[in-house]
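With the hints as your guide, set chain B onto chain A.
From first to last, the protein sequence lines stand for chains A and B. Numbering follows the working numbering, with no gaps: position 457 of the first sequence is 457. Numbering follows the working numbering, with no gaps: position 288 of the second sequence is 288.
I should point out that these hints are in silico values taken from the structure, not numbers from a laboratory. There's no promise every hint is true.
As the list claims (entries may be wrong) - Sample of chain A residues facing chain B (criterion: CB under 10 Å; computed from the structure):
1) Gly310
2) Arg351
3) Phe358
4) Tyr368
5) Tyr378
The C-beta atom is built at its ideal place from N, Cα and C for all residues, glycine as well.
Residues per chain are reported as follows:
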Amino acid sequence: MQELTAAAAIELRGIDKSFGSVHAVRGVSLRIERGGITGIVGENGAGKSTLMSILYGLYRADAGEILVDGRAVEMTGPRDAIGHGIGMVHQHFMLVDSFTVLENLILGAEGGPLLAGGRAAARTELARLAREYDLTVDPDARISDLSVGEQQRVEILKVLFRGARILILDEPSAVLTPQETDRLLEILRVLRDRGVTVVLITHKLREILSVTDKVIVMRRGEVVAERPTSETGAEELAELMVGRKVRFAFDKAPSRTGEARLVVRNLSLVDGRRVRVLDDISFEVRAGEIVGVAGVSGNGQTELLQVLSGIRQPTGGALEVCGRKVDASHPADPAEMRGLGVAHVPEDRLRQGLVPAFLASETAILGYQDREPFCHNYLLDGPAVGKYCAELMERFDVRPRTPGLRSSSFSGGNQQKLILAREMARHPKLLLVGQPTRGVDIGAIEFIRRELIASRDSGCAVLVVSVELEEILSLADRILVMSGGRIVGEVAAADADERTLGLMMAGARAA
Amino acid sequence: MSATRRPLPGWVEIGLLPLANVAMAFLLVGLIVRVIGVDPVHALELLVLGAVGSSESIGYTLYYATNFIFTGLAVAVAFHAGLFNIGGEGQAYIGGLGCGLAVLALDRYLPGLLMIPLAILASAAFGAAWAAVPAWMQAWRGSHIVITTIMFNFVASALMVYLMVNVLIAPGSMTPQSRGFGASAAVPSMQAALQWIGIAVAPSALNLSLLLALLACVGVWIFLWHTPWGYGLRTMGHNPEAALYAGTNLKRTTMLAMCLSGALAGGVAVNELLGVHHRLVLDFAAGYGFTGIAVALMGRGHPLGIVLAALLFGALQQGGAELAFEIPAITREMVVVIQGLVILFSGALVHLPRPWLQALLARKG
Numbered sequence: 001m002q003e004l005t006a007a008a009a010i011e012l013r014g015i016d017k018s019f020g021s022v023h024a025v026r027g028v029s030l031r032i033e034r035g036g037i038t039g040i041v042g043e044n045g046a047g048k049s050t051l052m053s054i055l056y057g058l059y060r061a062d063a064g065e066i067l068v069d070g071r072a073v074e075m076t077g078p079r080d081a082i083g084h085g086i087g088m089v090h091q092h093f094m095l096v097d098s099f100t101v102l103e104n105l106i107l108g109a110e111g112g113p114l115l116a117g118g119r120a121a122a123r124t125e126l127a128r129l130a131r132e133y134d135l136t137v138d139p140d141a142r143i144s145d146l147s148v149g150e151q152q153r154v155e156i157l158k159v160l161f162r163g164a165r166i167l168i169l170d171e172p173s174a175v176l177t178p179q180e181t182d183r184l185l186e187i188l189r190v191l192r193d194r195g196v197t198v199v200l201i202t203h204k205l206r207e208i209l210s211v212t213d214k215v216i217v218m219r220r221g222e223v224v225a226e227r228p229t230s231e232t233g234a235e236e237l238a239e240l241m242v243g244r245k246v247r248f249a250f251d252k253a254p255s256r257t258g259e260a261r262l263v264v265r266n267l268s269l270v271d272g273r274r275v276r277v278l279d280d281i282s283f284e285v286r287a288g289e290i291v292g293v294a295g296v297s298g299n300g301q302t303e304l305l306q307v308l309s310g311i312r313q314p315t316g317g318a319l320e321v322c323g324r325k326v327d328a329s330h331p332a333d334p335a336e337m338r339g340l341g342v343a344h345v346p347e348d349r350l351r352q353g354l355v356p357a358f359l360a361s362e363t364a365i366l367g368y369q370d371r372e373p374f375c376h377n378y379l380l381d382g383p384a385v386g387k388y389c390a391e392l393m394e395r396f397d398v399r400p401r402t403p404g405l406r407s408s409s410f411s412g413g414n415q416q417k418l419i420l421a422r423e424m425a426r427h428p429k430l431l432l433v434g435q436p437t438r439g440v441d442i443g444a445i446e447f448i449r450r451e452l453i454a455s456r457d458s459g460c461a462v463l464v465v466s467v468e469l470e471e472i473l474s475l476a477d478r479i480l481v482m483s484g485g486r487i488v489g490e491v492a493a494a495d496a497d498e499r500t501l502g503l504m505m506a507g508a509r510a511a
Numbered sequence: 001m002s003a004t005r006r007p008l009p010g011w012v013e014i015g016l017l018p019l020a021n022v023a024m025a026f027l028l029v030g031l032i033v034r035v036i037g038v039d040p041v042h043a044l045e046l047l048v049l050g051a052v053g054s055s056e057s058i059g060y061t062l063y064y065a066t067n068f069i070f071t072g073l074a075v076a077v078a079f080h081a082g083l084f085n086i087g088g089e090g091q092a093y094i095g096g097l098g099c100g101l102a103v104l105a106l107d108r109y110l111p112g113l114l115m116i117p118l119a120i121l122a123s124a125a126f127g128a129a130w131a132a133v134p135a136w137m138q139a140w141r142g143s144h145i146v147i148t149t150i151m152f153n154f155v156a157s158a159l160m161v162y163l164m165v166n167v168l169i170a171p172g173s174m175t176p177q178s179r180g181f182g183a184s185a186a187v188p189s190m191q192a193a194l195q196w197i198g199i200a201v202a203p204s205a206l207n208l209s210l211l212l213a214l215l216a217c218v219g220v221w222i223f224l225w226h227t228p229w230g231y232g233l234r235t236m237g238h239n240p241e242a243a244l245y246a247g248t249n250l251k252r253t254t255m256l257a258m259c260l261s262g263a264l265a266g267g268v269a270v271n272e273l274l275g276v277h278h279r280l281v282l283d284f285a286a287g288y289g290f291t292g293i294a295v296a297l298m299g300r301g302h303p304l305g306i307v308l309a310a311l312l313f314g315a316l317q318q319g320g321a322e323l324a325f326e327i328p329a330i331t332r333e334m335v336v337v338i339q340g341l342v343i344l345f346s347g348a349l350v351h352l353p354r355p356w357l358q359a360l361l362a363r364k365g
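Bound-form chain B, shown alone:
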């Protein structure tokens, strides 16, 4: 009750506190790894090398980070408006539907310069539309967005399975996937792009969607902090009564925030479908939408923080996969546990090290 949350200096808040959170998570992970009979130092070494040890592993880390940036931004934008959008998963998935439909309909007629922007727009528009329904229901009907967005994830999943199995499946195919996209719909891989300017790297899933993700970061930053709509959106998030007083239309702002959020989540489809799979497949969203919540929390809702958090989660994803590959005792599930602990310590227990840091700084100053 009387415990007041004192402000810490900015660099501690943004830099040291998340580091302490991650360190604590890794300490606990080390303990668990020890218990199952693996040397924690060796495991950590493998994890780090697996994430950043070669240009190939760096490529994969950045490719995963791209997805996390999109979903992290999606969660953050809604969160600044006071809305907890946990439907990023479904919005990314339906974004993929839009992307796939656009490409399958037009890839034979349009050159890449038109096809790719159009496919990106279609991903964003479908993602936005999928978010707009829960937003509308909250703004006008009063249903709660947490409940509706999570339900929409299931609806999206069921809809996609139906469409893939019955409608969009390539003729004659046994697996539920569409025909391959035409070459005009392929976002160039980073390897190809770097080779073009004379830098040789190992091939990986990393593609130019990363640049789109970084562009989205700048866009979100400008929108939230440098436009009157972003201002109104943040006012609503902090204090709906003040927003109402200031003449902000709460219903319209709810729609705006959620549509933007859904559009950003649709970016996952660009990275996955146009950049990697080059066809419409099932389950490409693979939990990125949910991890985006942790990324946004850890990044404190700021685009720069989200990039850093996305890099961490990308490294965990890639390094964890290597770790599971190298040490049989550490399974895929074990890697999920590691991610879960990082999320736990940097999400739910984010303020745990605060008193210690405060005491430390107080002694110093």
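In isolation and in its complexed conformation, chain A is listed as follows:
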């Protein structure tokens, strides 16, 4: 069985995995060479995360073999994976906020009933790792005091500390500013140079092209291509991922703005813990323009959308929505906001935008359930709701076109299209959109962005909040940058690029 050529760090042979009727991974075979950076790209639902979860022992494959350093191994859980030198850095950090870096490091590897010994050993080991990989972090700093980029470094250190020689990173840049991402990529290069094998799962082609040695493209549970990074480009990769040509750059007509639909004056919000999450925010959105709000997630964008849509009430300042004034003493709930012509595509579609257990047709009327034509004489009109949902599905190309299917059975992109269809169908005066294309496949991204621009052109005032700078840049006419609950800069889209926005997001005020 032993091969004569140098064994790959990881080799997968014929891996197959189904969840019920969903065939997530179809007979995937691939090799990850030792000591390089391998990128795995694919749309959402292409099976890349499932594949890596199988490799890390979180799922068991229905069929197939995993070979580490040429030897077939059995992965029954993360413990096995760690035992074979495979470590994973998850998209969401697995750190205890109130512990120090060192305490997080030894968590699960305490090395005895008393912590002192293990801690001392860990301190020495941490110093060695920091030297070897250029990963300096203060071992006694509390996690909650660290920046997101530093927390990610702790995650990487945690994995190395457990002796991993193969590092899997799942969408590592989702929570980082562009500058932090650059630093992360630098770290990955250092790791590679010191002999660590890195697997980078991402859908951001820029990162793939700048750091990997080899790219593996997945589509619909299969590996559709493998390319040395030097011999491919963004266009080819995007095409391989989607299976057809994709256009991201839109020919947008210049915006023709009308009256102000949303006026925000000195808005502030103090939350239950007395933290000022929104601080003295003022801006306006006019009919016929798209205003983009950029920023690293967690800087007040979520709360801003909540206040603008009536889910939370401002504690200071005021807003004027289509002529109706809202402030602390004149609150408005989401139902009233909808009545004023405000539509809202929420950031978190699974928790806010729909109820996964509801039928698609029920999702299609969420928030509008007590209006004509869905409801007359206090009764819901089932056939009318079904017909309406079918129309929305047709118009927004939601697949499958089955109003009677549970909302959770649709892919992320189709769920998002259905929500967007619902919110846009009533020709709103003001459209609030949070993370329009988060977790959405490339084909749907193109469609959704086109629809948002069409809505602008028909005179709707649109506010888009997104953590994807590329998205903000391609959609917005004007860009607001949020940091620490404040608006720290405003630029016309024509004058903006990722670098200047990134600097503003990091906290530096625009000149």
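Same frame as chain A, but now just chain B:
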């Protein structure tokens, strides 16, 4: 961790799975019966005959089922709103107070056609009011409804004992019960009603409250799945954040769900007081409120499922009583054990046979 709960076809989910649960419970019951030296097959025979062997036993089974339908619906409505109302017992009891007060005050003046609807409304209103207090405390003060509803059961019990012993007791009576209700407040028995249309059945406790229970089933079904309020209520139950986003007022919906739940629990008072006892008595709720939780769970929160589950529990109650009567070795407590096992297997262990059914279906298909 990696065990994914795959969906089974609808008929398996609603039909086969509960059947498998009940079968497993009975297997274990058979074993226990065997151990205490009784032939399980004979015992099962007695149980089944006791529940459905004659028109009288069927009558009693349906009478018990009526109570279970009311309390099962009560639990289900709250559950669809994400609220675990385990105060059905107290709500039924206080519903009875409302019913009793209305009848004792008015039965001499009102004809049956007015008295009975009024007494039903009073049962529902008092049950709703008893549920409204914990609901209000959860919605506005943040206290947890599981804790408060269970505490309210004890408060209801203590209050009723006080009222029955000191205030509502019939003058000169030694037992704590009110004077008998007037004839205008009696819900006709099923025997009388069927005789009226020319069908002869043996007398039993079954009365026309069963029709009210079935009407409530239809009402709940329409409310939950065919009105915007039911829609908002279910949205809140699945996902309060989505409900908030959709403009549903969570506080008001909590109140609505709990008041409806309490009103439904009040239906037990109609069946027991207007239909059977014809006076206000102590402890008529007798655990129906708690069994309602199992009925709602087993019925998957759907009115049709609740009717079926209520029939099963009604049959167990009636057949079990016969069984205890016929075989001295099987005591009343033993019957409670049987019920408990059915609840255990169809409640807590409901997903136990799922993998086997899945494997079975996979082999077939």
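> Of the hints stated earlier, which fail here?
Replying inline: none
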